[in-house]
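Here is what each chain is made of, one letter per residue.
There are 2 protein chains.
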Amino acid sequence: MSWVKVVGLGVGAAALLGLGIILGHFAIPKGVERPVPQDLDLEILEAVMKQLDAGKIRENLRELSRQPHVASSPRDEALVQLLLQRWGDQASGLDEARTVEYEVLLSFPSPERPNLVEVVVPNGAVLHAYLPKEENVTGEQGGSDVVQPYAAYAPSGTPQGLLIYANHGTEDDFQYLLNQGINLEGTIALTRYGVAGRGAKAVNAAKHGVVGVLVYTDPGDINDGHSFPNETFPYSWGLPPSGVERGSYYEYFGDPVTPYLPAHPSSFRLDSNNASGFPPIPAQPIGFQDAEGLLCNLQGPAAPASWKGALHCEYRLGPGFKSGGDFTEDSQVKVSVHNHLELRNSSNVLGIIRGAVEPDRYVVYGNHRDSWVHGAVDPSSGTAVLLELSRVLGTLLKKGTWRPRRSIVLASWGAEEFGLIGSTEFTEEFFSKLQERTVAYINVDISVFASATLRGQGTPPVQSVIFSAAKEIRSPGPSGLSIYDNWIRYTNRSSPVYGWIPSMGTLGAGSDYAPFIHYLGISSMDIAYTYDRSKTSARIYPTYHTAFDTFEYVEKFVDPDFSSHQAVARMAGSVLLRLSDSFFLPLKVSDYSETLHGFLQAAQQDLRDLLEQHGISLGPLVTAVEKFEAAATALGQRISDLQKGSPDPLQVRMVNDQLMLLERTFLNPRAFPEERYYSHVLWAPRRGSVATFPGLANACSKANNTDHGSEEWAEVHRQLSIVVAALEGAAATLRPVDDL
Amino acid sequence: MSWVKVVGLGVGAAALLGLGIILGHFAIPKGVERPVPQDLDLEILEAVMKQLDAGKIRENLRELSRQPHVASSPRDEALVQLLLQRWGDQASGLDEARTVEYEVLLSFPSPERPNLVEVVVPNGAVLHAYLPKEENVTGEQGGSDVVQPYAAYAPSGTPQGLLIYANHGTEDDFQYLLNQGINLEGTIALTRYGVAGRGAKAVNAAKHGVVGVLVYTDPGDINDGHSFPNETFPYSWGLPPSGVERGSYYEYFGDPVTPYLPAHPSSFRLDSNNASGFPPIPAQPIGFQDAEGLLCNLQGPAAPASWKGALHCEYRLGPGFKSGGDFTEDSQVKVSVHNHLELRNSSNVLGIIRGAVEPDRYVVYGNHRDSWVHGAVDPSSGTAVLLELSRVLGTLLKKGTWRPRRSIVLASWGAEEFGLIGSTEFTEEFFSKLQERTVAYINVDISVFASATLRGQGTPPVQSVIFSAAKEIRSPGPSGLSIYDNWIRYTNRSSPVYGWIPSMGTLGAGSDYAPFIHYLGISSMDIAYTYDRSKTSARIYPTYHTAFDTFEYVEKFVDPDFSSHQAVARMAGSVLLRLSDSFFLPLKVSDYSETLHGFLQAAQQDLRDLLEQHGISLGPLVTAVEKFEAAATALGQRISDLQKGSPDPLQVRMVNDQLMLLERTFLNPRAFPEERYYSHVLWAPRRGSVATFPGLANACSKANNTDHGSEEWAEVHRQLSIVVAALEGAAATLRPVDDL
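Protein sequence lines correspond, in order, to chains A and B. Every letter in the first sequence is one number past the one before it in the UniProt record's numbering, and letter 151, counting from 1, is 151. Every letter in the second sequence is one number past the one before it in the UniProt record's numbering, and letter 11, counting from 1, is 11.
What the hints contain is simulated information worked out from the structure, not anything from laboratory work. A couple of the hints might just be wrong.
A pair holds if it fits inside one copy or across any two, identical chains being indistinguishable in the list.
[Claimed, not checked] 25 Å max Cα-Cα, derived SDA-like pairs, lysine to any residue:
# : residue 1 : residue 2
1 : LYS627    : ARG354
2 : LYS207    : ASN704
3 : LYS308    : GLU185
4 : LYS535    : SER563
5 : LYS702    : PRO114
6 : LYS702    : PRO673
7 : LYS702    : HIS208
8 : LYS644    : VAL357
9 : LYS471    : GLY499
Kindly produce the complete structure, drawing on both the sequences and the hints.
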């Protein structure tokens, strides 16, 4: 053959070989093909943002708030069915939906014997009777399913005594009265909502021999002073004079008689007579119209300036009524409470979307379903958002367009108003599973308190994903600003790491995140839209927990175009998707360093000298914080490096486990034996004044006036060692996993 | 061209293309190559089995037991250096080795004021003095570094009183004495080792007014009755008459003054005067030669048959000595104890082999290093094994022949003899990290008690990997049987699932597995070789905790050719490799079903009627056990199915996490508030008589004689609910991970 042919054959052979090699390499899937790392699909995110519809949220809210749906009521059960139906829908439902029912101890007033507040004279004659019940101003306050205003879990009784005014009912307030020479024994205390928890007012009062407590809402606290009907709902945003804030007066959270156990019918139950946490004396909430009648007739010393609200009279302390007013000087207040405890069935509804790649990693998103009355803002504004978000996600799911990388659990909690009961029972029942697998908990209780700005609360690791989401979503209204840029104008702080950023709040026990963060140690957050604090100083939106929290209220005065509801739905959806779909979990554990440094600095400033006098050094704490910071920073660097390459999913999983489990390392179930559930050494309730680690702050507060070597000072040292051990343990989990 | 040529060209082209395709598919690594699933390499396993050398174990033991090395002594520190050196060796060391030091509260006698036991008459004259100190029979008992026999943590004092004999010093024993009309107030109690824990004897005695306790070793319990010198070491296996068992008399485990916190110098410490768990009265152990002198001179009622040992005299109860014997009737026993508490530095040594694929999964293998005297059997027989195993693994590692899939942590614990201190401090310091990542804990304390058969203790999930290993290793001796087949002849049971299998023991607090299983909830095991119970009824190998536990003793009477040591090294190595290298974790969680059924049956048989009388139903427990069984079985099936294909490492990781974390689900830190560390609802100490769930058994025991509605019966219900919740939670974690 000629050399041309030989060369030609050679080239052809080479070409064929090369083609074969290329085909073999790329076109034939390997027998055990690695799944392409699935990361957050920005198109999906964009689609979800677009599809979340304000009008649909509105219609959800209209339906949800149509009837009162207090926990365990027939309407509450009907809403369970509504959720099941939506989450089971062929076109827009989830993979699975089911209910989990608990038998929980609730408290209700007695319809046939309404709670009463009366002014009586010594021979028993009634000078005046107040029936705490809201006026049927809009036609929605009169139904038999509107539960009478009452203090849930307050015991029954008919205490009677001279009336005194005790401001917020804190321990300091009662001390002040004692210092004024007022004899509290046998009195009825009129207190105003705020500052102290509901149940705490009764506890503090009882300590001083008070026999009954009334709690009212002062127009100064709720209405920026406005109190005339035309300044209140339905004419304006404010609380009408007959409006009464209901609420749980139970000290702890969770079903009161099955602490640490799920409330199944067969579960061990504490004797409800013995169970701790119930108010020790009868209590009853009233509106400011009724309160005015009582308060403005008091005699006695003038109340100090800080005790005065916006009722139109002189605030006096009592005891007893003045002569020449509406009542006689010897008349007393009689509070008749006929509440009763009742075991009731309350359900959680769980909706599940199975994760495509890591189904054993859960993102849990919860909202409570039960209300006090219509609950349009609380909680149905959040339920409406939940339903719309689940519709949009479910639609993508059913179409086959999307499945999350990790599993999503949507939860509708029951009986939250009574004490976060549904969510707490859930965490008790599924403790191990949740603790091992839950990446984060997202709470949206009330979605829109007001329409001015985002409000974010959470533990530091979730700050960055909330910021990321907020930067990409337009805020409601014409400003054109992102939610983030709008937010930062309302509430901001100077971060040593980031400069000016929005301020996130911390997590107490105000909503269903409490068992997740405090009992399970799961990074958690709460997302809502809220007030412009330059425009109102209302403690909370005025119709909170009243029969005036209706759809009409929301539509007229809170969020008429539902664009804030939509903004919250987008925020929640964006955060949810980032957590469920991102290859690397968007939990930034190094953001804990700021918190720790803040706590440390406060301790150094305010406690170091005192501690040294007692032979306790903060040195180990300084070291522990430094170690945490170094380990967290280094981990962040390792993650950055990993993100530059094409990391193995197993490697990413290992790093994600470190991020997910960091929050757990702060749990110590033996740290606070006198608390219920609280086990997180950074976020347990702080009762001491120094803004540092709560265990340390509280122990120092107690030890302050005790001797050297006292048990109280030993407890200070123990609390310090607990924090040091937790921080060192946390740092250890953030170090390279093979660095043992 | 001719058709032949065309065909030829076509065939050639196809061949080239095909070759190219093949080359491209197989020969060129893909840009992001998935690592081939690494499973246990049987050749590596075989190599390790072969390389573990009996002679090297012997030489290790010779060196380790050359000098007494009580915790924190200079020789103990020297052994720390030896370990660091071996684990840092260029050719056979590990990736990393380091020490972690703690400051722990130990207890020692005072060399300048030895503890004494004297018989004194009322005027103070000493009739006879016993100095509890072993006779220098082999030249190794006389050194100044041989710590005098003493009861660690027993308080100092010089109590004196009439002697009584109280058998094992259990509560029942003291009750018996009271029933015989014996006045215990102010007496000295002579008890024998066994049945009750050391410290418990003192606690029980003190409750009845006894002022001092002596504890001796009866030849009937330890020597099968033999007591003559020629029947004991160095002539035979038995305990010499002067031999004394030392030991910790502390009630709990862990450093006594830093419960739940690592014992760093700056840690909070309890006041050692206040710390609970120390014996309330002085105590002192003695040998049977001295005991005979005291016991055989007692007057009073004859002891019941079950109280008699093998000393050559009538066993009487006292109080006081008989006339006509060696002492006068009015003479008393005076026990002078001069122990003192001391803060000492004790180290753990950690040796690390980083995992190649899942470095964040740990297999921890531990042995304690500290002894009472030479500690040839206890613990150096185990330390010798640890060193040989680490040499063989290290050699493969340094050669680059092998790296485990998961990380291996070898641990040399300090201060175990004082109460599992080193291991407990380790679990306190690294609580979160260990709990999140540890696959299993392997303990080899004493490796060879005797040379007859394997002894395996552990929680059910580890049974199968121990069986698998045992089936593949030849047992020592000429039988040619596998360790498994030899084992099953000595101790077996009928399993409803497996038929006849060897019996595994359960885990109490006898060695360093205790904090791992009870505090951290990590599946744990203990491996050793042990006695032929048809040949001896010795409570434990006779020279246990005495100055006769020497290399000579092991070489002559325990394991002359060290083939049992080698067998244990092979067992531990095989189990270790199976846990560190197998793709699917060899933890068989379904093996828990038998245990649960057993507990359930006992409860049903012995408690159901009683519980029903008090309105407590076992129904939920039955259901919970069934759910667990179903979930565990189904998981086993899913694993089998996965194993048939080529599963994705992420999928295997998810299933392995379920297996690893199962043991955690049985932890409940609030279950047993009166216990220290014990949190595992299946393995906490059972003090009640029914062989069921310990919390239930104990609560029923306490409630048995109380009224309806008593707090004790409420506690029974609470304990039942705790178990039910744990089992339900366990089942929930075993279900398919996306089945929420």
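Numbers of the earlier hints that this structure fails to satisfy, in rising order: Going through the list in order, the structure violates hint 5 alone and respects the others.
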